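Visitor: One-letter residues, chain by chain:
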Amino acid sequence: ETGVTQTPRHLVMGMTNKKSLKCEQHLGHNAMYWYKQSAKKPLELMFVYNFKEQTENNSVPSRFSPECPNSSHLFLHLHTLQPEDSALYLCASSQDLAGGYNEQFFGPGTRLTVL
Amino acid sequence: ILNVEQSPQSLHVQEGDSTNFTCSFPSSNFYALHWYRWETAKSPEALFVMTLNGDEKKKGRISATLNTKEGYSYLYIKGSQPEDSATYLCAPHSGYSTLTFGKGTMLLVSP
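Chains A and B, in that order, give the protein sequences.
Per the numbering used here, the very first residue in the first sequence carries number 1; after that it's consecutive.
Per the numbering used here, the very first residue in the second sequence carries number 1; after that it's consecutive.
Calculated from the structure, these hints are not laboratory results.
These figures come from a predicted structure and were not determined experimentally.
Where is the CB? At the ideal position from N, CA and C, for every residue including glycine.
A hint or two may mislead.
[Stated by the list, open to error] Derived pair list, reagent style SDA-like, types lysine to any residue, alpha-carbon separation capped at 25 Å:
| # | chain 1 | residue 1 | chain 2 | residue 2 |
| --- | --- | --- | --- | --- |
| 1 | A | K41 | B | D84 |
| 2 | B | K103 | B | E56 |
| 3 | A | K52 | A | N30 |
| 4 | B | K42 | A | E103 |
[Said to hold, decoys possible] So the derived list for chain B, only partly shown, Cβ under 10 Å to chain A, looks like this:
| # | residue |
| --- | --- |
| 5 | K42 |
| 6 | F48 |
| 7 | L99 |
[What the hints assert, rightly or not] If you only want the chain B side, here are some residues facing chain A, beta carbon under 7 Å, derived:
| # | residue |
| --- | --- |
| 8 | Y31 |
| 9 | A32 |
| 10 | S43 |
| 11 | P44 |
| 12 | A46 |
| 13 | V49 |
| 14 | H93 |
| 15 | T98 |
| 16 | F101 |
| 17 | G102 |
| 18 | K103 |
All chains, please: the whole structure from these sequences, using the hints.
Guide: Below you can see the structure in the form of C-alpha cells.
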C-alpha cells in the first residue's frame, strides 16, 4: 500500500461504545495529524504528533484519545461520544512540522456516525 | 486561530471557462500558504505551498499567486474541465501552530 490509509472507512457507534480509528502512512513521514470535518465547517485540527510526540491538542474533549506508537501509525480512540461528534475524521502526514513548508498528505477519512 | 476567508463559497462554470478564487488571511506572522484540491469521495491533495510575497506557482492549467503584505492569494484555473470539479481549500500557516483551513470554494464545471 502507498500513501496514507485509514480504517475503517465507515463507522456507526452508539454513545456508550468504545471504538478506535486507525491511520497508517507509508511515506516515511515524521509528523501525523488528526482532523475533523463537520458539515458546513472547515477542516478542524484535533491533534498533531511529531516524531511520536504529541505537539498539539486543539482543545479536544477527552472522549477523543490519540495514540502514536511509532511514526507510521496513528490511532484515535473513541469513548462515550455524542451525536454531534458525527463527522468525517481525516488523518494526514507530512515530512515533519518544519514551519508549515511541507505539504500534508491525507488519507481517505473515516465517516463516523454516533447514534 | 487564524481568520481565513475564501470566496466565492461556490462556483458553477461551463467547460472552457477560466475562473479564479480568493483566499484572505491575516498578514502578520505569515510563514506559508497551502492550496489543496478535494474531490468528492477522495482525499484532499496538495496543489501548492507558497512562502514568498509575490510568489507565483503553476501546475498545468492551475496557477496561484501570493500577496503576504496584504494577506491574500488567488487561485486561477484556465479553461476549466469537468475533472476540475472539486472543493479548493486554502490554509495559511502562522508559525505558531499548524495549518488553519478555510471553508473552501466548491467548483462545479459542467460539460
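Visitor: Against each hint, give a clear statement of whether it holds in the structure.
Guide: Comparing the hints with the structure gives:
1. A/K41 with B/D84: holds, 22 Å
2. B/K103 with B/E56: holds, 23 Å
3. A/K52 with A/N30: holds, 8 Å
4. B/K42 with A/E103: holds, 17 Å
5. K42: holds, 7 Å
6. F48: B/F48 check passes; min Cβ-Cβ to chain A is 8 Å, inside 10 Å.
7. L99: holds, 7 Å
8. Y31: Holds. Min distance 5 Å.
9. A32: Cβ of B/A32 sits 4 Å from chain A, so the hint holds.
10. S43: holds, 4 Å
11. P44: holds, 5 Å
12. A46: holds, 4 Å
13. V49: Status holds, d = 5 Å.
14. H93: Given a least distance of 3 Å, the restraint on B/H93 holds.
15. T98: holds, 6 Å
16. F101: holds, 4 Å
17. G102: With a closest approach of 6 Å, the B/G102 hint holds.
18. K103: holds, 5 Å
Hint compliance for this structure: every hint is met.
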